[in-house]
Amino acid sequence: MSMDRDMSQTLLEQVNQALNEGTPLRIQGSNSKAMLGNPVAGEVLDTRNHRGIVSYDPTELVLTARAGTPLREIEAALHEAGQMLPCEPPHLGPEATLGGMVATGLSGPRRPWAGSVRDFVLGTRVITGHGKLLRFGGEVMKNVAGYDVSRLMAGSFGCLGLLTEVSLKVLPRPRLCLSLRLPMGRNEALAELAEWGQQPLPISAACHDGETLYLRLEGGEGSVQSARQRLGGETLDNRFWSDLREQRLAFFTDAAPLWRLSVPTITGELEMPGQQLIDWGGAQRWLKTCAPAQAIRDQVAKVGGHATCYAPGATSSPPLPVALMRYHRALKQQLDPQGVFNPGRLYPDL
Amino acid sequence: MNILYDERVDGALPNVDRAALLQALRDALPDLEILHRDEDLKPYECDGLSAYRTVPLLVVLPERLEQVQTLLKLCHQRGVPVVARGAGTGLSGGALPLAKGILLVMARFNRILEVNPQGRYARVQPGVRNLAISQAVAPHGMYYAPDPSSQIACSIGGNVAENAGGVHCLKYGLTVHNVLKVDILTVEGERLSLGSDALDSPGFDLLALFTGSEGMLGIVTEVTVKLLPKPQVARVILASFDSVEDAGRAVADIIAAGIIPGGLEMMDNLAIRAAEDFIHAGYPVDAAAILLCELDGVEADVHDDCERVAAVLTQAGAREVRLACDEAERVRFWAGRKNAFPAVGRISPDYYCMDGTIPRRELPRVLKGISDLSAEYGLRVANVFHAGDGNMHPLILFDANLPGELERAEAIGGKILELCVKVGGSITGEHGVGREKINQMCAQFNSDEITLFHAVKATFDPQGLLNPGKNIPTLHRCAEFGALHVHQGQLPFPELERF
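Protein chains in written order, with the numbering used here: chain A, 1 to 350; chain B, 1 to 499.
These aren't lab readings, by the way, just hints derived from the structure by calculation. Errors might be hidden in some of the hints.
What the hints assert, rightly or not - Taking lysine-lysine pairs in the BS3-like style, the calculated list, with each CA pair at most 27 Å apart, reads: (1) A:K302 with B:K226; (2) A:K302 with B:K181; (3) B:K171 with B:K100.
Said to hold, decoys possible - Stretch-level coverage of chain A by chain B, calculated; a stretch enters the list once three of its residues show a Cβ under 8 Å from a Cβ in chain B: (4) 10-23; (5) 41-49; (6) 59-67; (7) 87-98; (8) 102-114; (9) 178-185; (10) 288-299.
Values in this document were obtained by computation on a predicted structure and should not be read as measured data. In this text, a Cβ means the ideal position worked out from N, Cα and C, and glycines have one as well.
Bound conformation, chain B alone (with noise of 0.2 Å):
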């Protein structure tokens, strides 16, 4: 397992005497709520990817914002590492714990601030889940656009450091493009406004490269989002194909047509197998793929895009074209991609869920590698792929009370982001580098580029102090662990000594 934080590679923390840092945090901070005991700390050792765990140090849970600033400006002082976590629902470990650092829960900064629907934001604090943004605009016909599969439960401020996505991201965009401005504090507690309340501020654009950062270079507090109206209607139509070429060749023509439909799916023959035993969604079981097209906006547009895009199908080699009839069949349609991954977890005692992204064109060539790896690994893998923007959620199924398979699996879902990578992709659309992905990052970036990312990073955070080991992999574990395929006769990074 070299997923865990190892200080041989990845750098030496500092050694915190626990029963110290607690009495100084509680002499300076008497009504923060922490927890030290095991069975308290238990629940917290990992995220959303369960498969790695680490109890921390400490569990923090503060409830206003001047706790936040005096316990960072304390740990800064004492040089302790603090890993943030909003609502614990990140699928690549960004908020994975470490056994030497504090784990900061931004969870109870769950309240609403301001709703402004005639200026189209909210003002909300970090801990607010993603979906209640949209329940709390609704009245005024509004919503917030981007929704990770895990809307129900994701906080804004998680959003805001994975730079999240969602099943509608091709027309209206990533967590980055739906922000006006985050506050922050830095890890010596300073507070900074990045952005503003109008739409661009003077100066470098921080808040475009602190989106996505992993708490890497700060903690969020408040996130100030856009909200849109929302659209008047959406329809959805399920096309059937008997190859993923032709499949991926429809979705090319729907955009060569001049339409960007508000979610484009595709699923291949597994998953829809998985999908229809679970949901019944009426999905046909011998497709080799299917594609859902949602076209959504004003009424008399989606009718006429509705055609354009059922014509454009048939034209691609459809062999069936079905128009959802009422919202309940549109629910339907949509439940069983929405259900894909717990379905696949119905077949599977268990699955692994990659990120990456391609350019589309290399749809077949990428489907046809993933399935060689497959039968080369003796794992199946089922295909869900986000087909309008290029991120494929390919899930790997495997049994990990057999010895071996998680392993296997971890090394064929390596084998498939590096395969994204060679074909111009990357290995994260949105669920985020975190620890997951740490190998695979020496994959995509070169160890010049590895190093301005950390410079980056010690421009906010010259200690490491915040969330050390994601996201960004050091030299020493690229020359480790990193790809070690010969590219082009080179080995990567041959100026650093292998150990």
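If we strip away everything but chain A, and leave its shape as in the complex, we get (with noise of 0.2 Å):
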């Protein structure tokens, strides 16, 4: 913990200065993500000298770090107090952030069944397009006081201010996880998951690779083993997740270009050219695809989602609806009125 340190202060000065020099500011961690969304001309900030874990007591359900704090040593310090970041973030990379974690708002396998980063965002200190340092939420689970800052900052990748802490709920880790592989075709995983999801059934993670569905069970004893005898199949080493999580599967390392596509969770089968992956038991789905984006963008509406692409340099976020994407522009307008954070990165125009 040597290397802890709130460097708060000289963030705010970088940002006051920026502010007077009217100069656009690149944030970032340590890069991990930065294949997602178009790339920024700005001046580099770098979050990763404003670091450490501020507080954490595990029977408070609440850990407060630094922006900049790496996201292994959150997560090793909730691993020695047996607790977990229940929307298990993707890293995609050894450095990943805090910050970055919530600035994308990535969530991993658990997500359909214990909720996404922004719901286990309690409160945020965040530096403003005004050049203050503001505090919103805090370290309660409920609540309701004011608008809920922080929740709109998961997921706004940076450009509606800058985020300096973050306080999370956080969880017990389940006493039991073990994990199953039961060999079908896509359709009948499908309809299997829809069936499943409609009973208390202890599945906190499926994917489905063209032949194999892959489950995990997490729960007591009882749940988990009563529910691993119905269910059959055979066990799974259960570090497929984190391999599917930080894309080290072999389907990841296909040539094409990585889309993820967000779907309702009863979507059947998509047809569509190149490889599959179903992952969050339908609702998110991984393809590999050479296909023009315009193509995957359609199609992918028609079912009611969206579709984003993960190569580095590749067309940016899903497009908005007109009257949506007014509305966009104007919360920038009002958070960054000079527009510092993080220009275009999200859409051009923000």
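Taking the hints as your guide, dock the two standalone chains into a single complex.
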């Protein structure tokens, strides 16, 4: 913990200088998620010197840390106390930071059952486009005072302000975790998942690669064992899920660009050119394809979803309806009137 | 009384010619039901916070989306404030009308549009009652998790506006965690969908921002809620303690044992006695505190967890640990807690329910502080507490017929909330700010934070026509009425003139 440092005043000075000079800032931690969104032309503002766990009391189920804190450091502290980040955030790099986790809002395989990054954000400290270091939310589970600016920050890609500190709700690790592989086709798997989803089964991850359904069961001994007997199949190494989360499975090595399709859970098989991997029990599909971006976006939009390309330098975030885009611009204008925070990262004119 | 809208500190409101507005509404919306006679307006003068009343300018009761859209456009053009109301059960005055504004009642939008058990969602209109959703999906073995105590009457649109909670939040989350999509109309009458049928949507998380925004950013017109499979079993343990400190420690010990109960409630002695007298739940009336711990899920796990929790409670110094032996006893244990408010109502002519949250470790200090305040103000306070998630509901007992008692009750209530903020908590866990806690907002947030909230508001409603005066205080209100305690030698809002 000797590297723990509170550099919030320095960060505040940097932002104020940028505001005075009208210099756009490119906020970055370890750049582990730089492939998402558009490249930003701006002066680099590195958050990694502002690091360290500020407070963590396992019996309160709350952890507060500075934005530049490496995720692995946070996860190690939680692990030691028998707890975890339930949203299972992908690191996508060894030095991934808390700030990057919250700013990108990416969640791992447990997301449909446990919730997303934003679901676990309780409070934030933010340096605003008016050059102030402010606090929203807090370290309590329930807090409805004022607008929920903290959760708004999750997934905003640093376009609305600079996150300096985040308080997260954490949970105990389940007593038992057991993974299964069941050979079956894609349609059958999606049908089974829709059926199981209506029952109180301890499923906490579900993935299908075209031939095999991979399931994770988490809970008490009783529920996990009885589900295991009911579902059958062979046991699987639990590390499968971190390989999926970190995009280390063989599927991800294909040279074609990677797309993430977020679709309604009940969407059936999506016939698209390229290789597909189903995650989130059907609600997230990974696609490796060279098909044109517009064709992919159109097809996914038709089923009520959206598609994001993970290839560096690729087209930006999924388009928004005109009216919604107008409110995005208005919000950006209100919170970052000079446009210093990550201009263009999410959308060219934000 | 500094709670009712005061144009001097809350901002000037446009003067509206009522007769002209009524005529314009009738011309534009001939089939819209409009209440305008005093005797018809009177029933709408307050919501669940009945100590504060204002008769609205007009009440409208639309039944179709197009009517709401036309109404909003018309009000926007004419600069008429609009206060939205669902079932009117809110406890913070979020739907308290304005004498210069229209009250838009959404209660007639009461249809369940779609139940999809395979997709685990239901699409409903905003006036649908919270409990009606769970009842409608019960045949599929599913339910909608957030269960505010008003769930029999409160509407889902109001739940979204307040980010409503309930007794199962620690495990199942608040409204914000259980809603997939909300369709809204902006102040200009423009339709927007926030969230999506998928688990996430591109752009900023406006759904999270909108949830709990108290009708200040738009009008909810449709809600897609998540459904969960009903837990197989639920069992309840009742534990009694000789001190509230021991009970508080026991809660931390349960969490430390890796168990997240479906519900975990605490009551202090005054609340226990009132509830027992009313419901005969079998509570130990001489205990300093009781804990009710509900464990739900798959039978085998619940069985194991019950044993673990019983051991933890005994270890923590519980003098008695009782597992409800059957469903009837489980319901009886809960009945005492769920009727704690009316039970307190029987022992006092009036009571005032507070809603602060604190980090749980601060419980002994806060209870001590409340007890000191109770002595200082000469008013009894019963404590009911969502112990799992740190949400306190102190009930202040008073008699509104005695001169000065309501004012004393408000004053001690305000002090309790400021105490919650001081130990790192919040002035509201689930009831919302509304008008009730508008002054305490100034204790929780500084002027820059409040300014940022106003910037968020200006994004959606630059003229400030939607529910003016709620949720976010003006800086002038903070200067005049805000918690004027001197913090670290500094007056709050030193930059502002006081008048």
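Next on the checklist: Hint by hint, where does the structure go against what was stated? Just the numbers, ascending.
Outcome noted: 3, 4, 5, 7, 9 and 10
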